[in-house]
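Chains as they are written, first to last, in our numbering: chain C, 62 to 513; chain W, 62 to 513.
One thing to keep in mind: the hints can contain errors.
What the hints assert, rightly or not - Cut-off 16 Å, straight-line C-alpha distance, at most; resulting in silico cross-link-like pairs (EDC-like, lysine to aspartate or glutamate):
(1) C:455 with C:427
(2) C:442 with W:223
(3) C:386 with C:165
(4) W:442 with C:427
(5) W:383 with W:206
(6) W:334 with C:435
These aren't lab readings, by the way, just hints derived from the structure by calculation. Bear in mind that the values here come from a model prediction, so they are computed numbers and not experimental data.
2 protein chains.
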Amino acid sequence: MARTASLSGFPELLPAERLVELHVLDTLRRVFELHGFSSIETRAVETLGQLLRKGEIDKEVYAVSRLQDEDQETGGGQGSRQADDDQLALHFDLTVPFARYVVENAGHLAFPFRRYQIQKVWRGERPQEGRAREFTQADIDVVGESQLPFRYDVELALVIVDALGALPIPDFQLRINNRKLAEGFYRGIGLDDTAGVLRSIDKLDKIGPDKVAELLHNELGATTEQAHAALKLASIRAEDTSFVDQVRELGVNDDLLEEGLAELEQVISEATKRAPGRVLADLSIARGLDYYTGTVYETVLLGHESLGSICSGGRYDSLASKGNKKYPGVGLSIGVTRMVARMLNQELATASRPVPTAVLVSLNNDESWSAAQDVADALRKRGISTEVAATAAKFGKQIKYADRRGIPFVWFTNDDGTHEVKDIRSGEQTAADPDLWSPPAADLAPAVVAGS
Amino acid sequence: MARTASLSGFPELLPAERLVELHVLDTLRRVFELHGFSSIETRAVETLGQLLRKGEIDKEVYAVSRLQDEDQETGGGQGSRQADDDQLALHFDLTVPFARYVVENAGHLAFPFRRYQIQKVWRGERPQEGRAREFTQADIDVVGESQLPFRYDVELALVIVDALGALPIPDFQLRINNRKLAEGFYRGIGLDDTAGVLRSIDKLDKIGPDKVAELLHNELGATTEQAHAALKLASIRAEDTSFVDQVRELGVNDDLLEEGLAELEQVISEATKRAPGRVLADLSIARGLDYYTGTVYETVLLGHESLGSICSGGRYDSLASKGNKKYPGVGLSIGVTRMVARMLNQELATASRPVPTAVLVSLNNDESWSAAQDVADALRKRGISTEVAATAAKFGKQIKYADRRGIPFVWFTNDDGTHEVKDIRSGEQTAADPDLWSPPAADLAPAVVAGS
Numbered sequence: 062m063a064r065t066a067s068l069s070g071f072p073e074l075l076p077a078e079r080l081v082e083l084h085v086l087d088t089l090r091r092v093f094e095l096h097g098f099s100s101i102e103t104r105a106v107e108t109l110g111q112l113l114r115k116g117e118i119d120k121e122v123y124a125v126s127r128l129q130d131e132d133q134e135t136g137g138g139q140g141s142r143q144a145d146d147d148q149l150a151l152h153f154d155l156t157v158p159f160a161r162y163v164v165e166n167a168g169h170l171a172f173p174f175r176r177y178q179i180q181k182v183w184r185g186e187r188p189q190e191g192r193a194r195e196f197t198q199a200d201i202d203v204v205g206e207s208q209l210p211f212r213y214d215v216e217l218a219l220v221i222v223d224a225l226g227a228l229p230i231p232d233f234q235l236r237i238n239n240r241k242l243a244e245g246f247y248r249g250i251g252l253d254d255t256a257g258v259l260r261s262i263d264k265l266d267k268i269g270p271d272k273v274a275e276l277l278h279n280e281l282g283a284t285t286e287q288a289h290a291a292l293k294l295a296s297i298r299a300e301d302t303s304f305v306d307q308v309r310e311l312g313v314n315d316d317l318l319e320e321g322l323a324e325l326e327q328v329i330s331e332a333t334k335r336a337p338g339r340v341l342a343d344l345s346i347a348r349g350l351d352y353y354t355g356t357v358y359e360t361v362l363l364g365h366e367s368l369g370s371i372c373s374g375g376r377y378d379s380l381a382s383k384g385n386k387k388y389p390g391v392g393l394s395i396g397v398t399r400m401v402a403r404m405l406n407q408e409l410a411t412a413s414r415p416v417p418t419a420v421l422v423s424l425n426n427d428e429s430w431s432a433a434q435d436v437a438d439a440l441r442k443r444g445i446s447t448e449v450a451a452t453a454a455k456f457g458k459q460i461k462y463a464d465r466r467g468i469p470f471v472w473f474t475n476d477d478g479t480h481e482v483k484d485i486r487s488g489e490q491t492a493a494d495p496d497l498w499s500p501p502a503a504d505l506a507p508a509v510v511a512g513s
Numbered sequence: 062m063a064r065t066a067s068l069s070g071f072p073e074l075l076p077a078e079r080l081v082e083l084h085v086l087d088t089l090r091r092v093f094e095l096h097g098f099s100s101i102e103t104r105a106v107e108t109l110g111q112l113l114r115k116g117e118i119d120k121e122v123y124a125v126s127r128l129q130d131e132d133q134e135t136g137g138g139q140g141s142r143q144a145d146d147d148q149l150a151l152h153f154d155l156t157v158p159f160a161r162y163v164v165e166n167a168g169h170l171a172f173p174f175r176r177y178q179i180q181k182v183w184r185g186e187r188p189q190e191g192r193a194r195e196f197t198q199a200d201i202d203v204v205g206e207s208q209l210p211f212r213y214d215v216e217l218a219l220v221i222v223d224a225l226g227a228l229p230i231p232d233f234q235l236r237i238n239n240r241k242l243a244e245g246f247y248r249g250i251g252l253d254d255t256a257g258v259l260r261s262i263d264k265l266d267k268i269g270p271d272k273v274a275e276l277l278h279n280e281l282g283a284t285t286e287q288a289h290a291a292l293k294l295a296s297i298r299a300e301d302t303s304f305v306d307q308v309r310e311l312g313v314n315d316d317l318l319e320e321g322l323a324e325l326e327q328v329i330s331e332a333t334k335r336a337p338g339r340v341l342a343d344l345s346i347a348r349g350l351d352y353y354t355g356t357v358y359e360t361v362l363l364g365h366e367s368l369g370s371i372c373s374g375g376r377y378d379s380l381a382s383k384g385n386k387k388y389p390g391v392g393l394s395i396g397v398t399r400m401v402a403r404m405l406n407q408e409l410a411t412a413s414r415p416v417p418t419a420v421l422v423s424l425n426n427d428e429s430w431s432a433a434q435d436v437a438d439a440l441r442k443r444g445i446s447t448e449v450a451a452t453a454a455k456f457g458k459q460i461k462y463a464d465r466r467g468i469p470f471v472w473f474t475n476d477d478g479t480h481e482v483k484d485i486r487s488g489e490q491t492a493a494d495p496d497l498w499s500p501p502a503a504d505l506a507p508a509v510v511a512g513s
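Chain C extracted, bound-state conformation (with noise of 0.2 Å):
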């Protein structure tokens, strides 16, 4: 990662660098699996119809096309722009692919629906630190049919807290926050136009307060009171349900303040019993997509906030529809490239050597090849990743090749056939079986472990 991508914005990982992407994926799909979530995947192309249904991004889509497009199959050819309908792009995140997953197949699935999906994703941005044109994701969603228990908004929290807590990484928080609370809340101030008001406490990180006001102020014409009520309420923190007293303290009545309130106490009560130290009350969080409507979820990596947020989502309860069936849902994505990005950087974690290997087999002479694949076939039937050497080389330059790929262990036949295996590390040498010798479960496969 400290290479330069030779195209900037699609990063590509050397093989010690992708034993920790691996570790992470693995680990939370381990995680993910224990919960009871399945895997699927969809097409990396949706229509740019589909695509674009739901918020404004279309700037940072890539758009496909076959390059030479006789039949006008898909796609729009060279300096043919296709209606949207037709026109493919590549996804931009798992949500919106989910959804078209769920509605073409509703029939064949088995509802709340639980799935995890691992996969790329592109979008067409300025690169920086933390955001790249292609990156993976690793979301889990539940989704119901017509309608889902608010309780899920509570166990997704969970298993994100399961899944994180899970790698080697930093401490991290989430911070949780309720669209209902904050809705219901500006409108009892009297801001009618919520969605404005939450876009513009939504850059609070970035502009700071004095900058929110007047946005407030300039463009949905709040007074001073209502902007300074918006900020109070934004500035709310609380790693237990202390935050509704402090909410109740400004004064306002509403009812949809009321629901997002007993729901936001409902997550942060019995996440904050279930993971103390995990998760917080922070009013402060809007996320920008539209499509939330109740409980919202960011992460941050405690000591890494400027990173952003590694884990995001919320609760959505029309994202996917199909005539007047609605599908509700909540969901959390994992922002993997980013994670591992920093992971990698910082030295946060390291594979403990570069290869699965742990054996090279050595040869005394060409000849003895094929009993060396025996040796190697012994070692590989109970589990251990074996190499055979390709040439007869002398001993030393065998040695060699092992060392500068990182394996640990070299086995050497002798003539009389008994056979020894010599951990090049110390360079202590033992007699050794190919059917019964293991190395230390420690060498056994590379190890991703949490860095100095």
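We have chain C already, so just place chain W on it with the hints.
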């Protein structure tokens, strides 16, 4: 897979089908790593110049452009076809991107470099059975710096036999030929456009020997005797090294032919010894792509020959080069999507259940959710995939939910704090301790088993 893809050529799987695909991918990865191959991934896009450097695949490529390309950083905007050097396109295989990766990162890699790479690729071809527009390939290659011992040509065939042999698929056969053998033979009988002959021979399966003879005559000016000899060579098949004598009987003398014969003899003799019945010397195998220079491989599923090759590859002496440095390699690519589609369509393999979940923890009442999470945590800690019911519906309804999802066990907590677990398939219910109980090994995770 029985369902129609909503976008032709872009198949998507249901959760139970995805389990079969995951099983294939996990198995391939495990075997590749046991043989010391490192995982890498390359970006999905390459520059068009890079993609078209070898061979003529212009038609098949999907170009990628930012929809609103304000700063002209990458890709061609609408209506402006950019130079091939800047225009981005989706990769159509993993070999070309790997060659670029090796050249770019040569200073950071230990040679011979062994890597596996499992990713999606895209081709704008007309979709048909066994041919999608988006599909997954699983590649292994070994690449050397300046030179690569021939032995790797033998080794890679054995790795593939190991990998495919670990899958729940029908018997398969690697069919192996050697470009040097074929080209030397053609040269030896006076046909100097050896690439042209190979291209004609490549059509044998599709158009038959008479048409191929016609092609050789009309397009390459071959005499009847030359066409006959070329077809005679292509008709040779042997499960052992007897092909050597059969070729010699044709009475052609050429140094390159001799070199190819010796190489193919080495591969076949070692592979038939270590993997009897799995390999065949098939002197009709040509492989279309120009960059192969020695051994070439194809693989058929026996009884499914019409599907085409499920794993192909070969030796290339200079796919990648930088200045006067060459990186010769040998590799094979498994067509995962093609193979999995067949496995699903013909039910050659199925998942024992559609979800990872082994246990649903039921709720006595709404307040027991947190206690139920404690039970679930205890089970998950021991690797048992567990969900908690979201609402305290009647037990019958909770059991029905488990049944509908394919979850085999439902957990109950009695008022006195004792626990019971019910196998909802047999109806058997027994006392259980969350810290001790485990499902039978066969029920721990969904198993993928060869079909009836």
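How the hints compare with the structure:
1. C:455 with C:427: Satisfied, since the Cα-Cα distance of roughly 11 Å is no more than 16 Å.
2. C:442 with W:223: Answer holds: residue 442 of chain C to residue 223 of chain W is near 11 Å, not above 16 Å.
3. C:386 with C:165: It holds: about 13 Å lies between the C-alpha atoms, which stays within 16 Å.
4. W:442 with C:427: Outside the cut-off at roughly 50 Å; violated.
5. W:383 with W:206: The hint holds at about 11 Å.
6. W:334 with C:435: Holds. Residue 334 of chain W to residue 435 of chain C sits at ~12 Å (cutoff 16 Å).
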